[in-house]
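Taken in order, these protein sequences are the chains called A and B. Just so it is clear: in the first sequence, position 64 is 64 by my numbering, and no numbers are missing. Just so it is clear: in the second sequence, position 55 is 55 by my numbering, and no numbers are missing.
All clues given are correct.
As a list, the in silico PhoX-like pairs of lysine-lysine whose alpha-carbon atoms are at most 20 angstroms apart: (1) A/K71 <-> A/K100; (2) B/K56 <-> B/K36; (3) B/K57 <-> B/K36; (4) B/K97 <-> A/K100; (5) B/K36 <-> B/K97; (6) B/K97 <-> B/K70; (7) B/K51 <-> A/K100; (8) A/K57 <-> B/K97; (9) B/K56 <-> A/K100; (10) A/K57 <-> A/K71; (11) B/K59 <-> B/K36; (12) B/K70 <-> B/K56; (13) B/K97 <-> A/K71; (14) A/K57 <-> A/K70; (15) A/K100 <-> B/K57; (16) A/K100 <-> B/K36; (17) B/K51 <-> B/K70; (18) B/K70 <-> A/K100; (19) A/K83 <-> A/K57; (20) B/K51 <-> B/K97; (21) A/K14 <-> A/K83.
If you are wondering where the hints come from, they were derived from the structure by calculation, not from laboratory data. Quick caveat: nothing in here was measured; it's all calculated off a predicted structure.
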Amino acid sequence: DGGITQSPKYLFRKEGQNVTLSCEQNLNHDAMYWYRQDPGQGLRLIYYSQIVNDFQKGDIAEGYSVSREKKESFPLTVTSAQKNPTAFYLCASSGRSGEKLFFGSGTQLSVL
Amino acid sequence: GQQVMQIPQYQHVQEGEDFTTYCNSSTTLSNIQWYKQRPGGHPVFLIQLVKSGEVKKQKRLTFQFGEAKKNSSLHITATQTTDVGTYFCAGNIRDYKLSFGAGTTVTVRA
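Kindly generate the complete structure, drawing on both the sequences and the hints.
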């Protein structure tokens with residue numbers, strides 16, 4: 001079954017802690033993205049990657065980091081520098097940049 | 001800031017009625033995409049419009065792309081309870097990333 005898998009579904013972060021959200025796809029897509037969703041604000045782009053070993057900052061990259069060592073994987077780390085991390089995080093992929101997005105089921109991150 | 005504006009933010013519809021949600025961009029878009037997110041779910045791609053003035057239909061949903069490629073609309077006829085959710089437009093300003101509107105959240109009164 002082809003798709004995009006995010007884990008965990010729910011995640012809690014303690015103050016000063018870094019946490020990593022997992023995103024894996026088996027669609028053989030080149031491009032992958034991380035979006036943050038807050039109520040009433042739509043989806044805001046955190047980071048995107050058009051190809052393995054390359055990634056670019058989106059509109060709200062501060063306090064986040066990513067890596068793209070494998071085509072299938074694009075993990076997102078929410079660092080302690082992100083002061084307001086509570087949100088729903090969505091990972092997406094597309095065959096190529098600008099094409100339609102396939103989304104994972106999301107991770108709800110909350111602060112303890 | 002947000003480059004694609006979407007209105008209304010909320011739409012409460014009587015079952016069987018029609019409604020429209022609108023997207024506007026300050027810059028010309030290469031294309032526009034529409035997504036639907038059911039409550040508790042993730043966005044799912046509905047359609048992409050590329051050509052100036054393009055109109056596409058999916059059953060009761062009609063999508064339009066403006067002549068200037070700066071605006072788009074989604075019109076739903078005879079709303080059903082299955083239409084509940086949030087509808088997002090996403091404008092392709094540059095090829096590598098989309099700019100999402102804030103979404104229109106639709107509730108339906110039976």
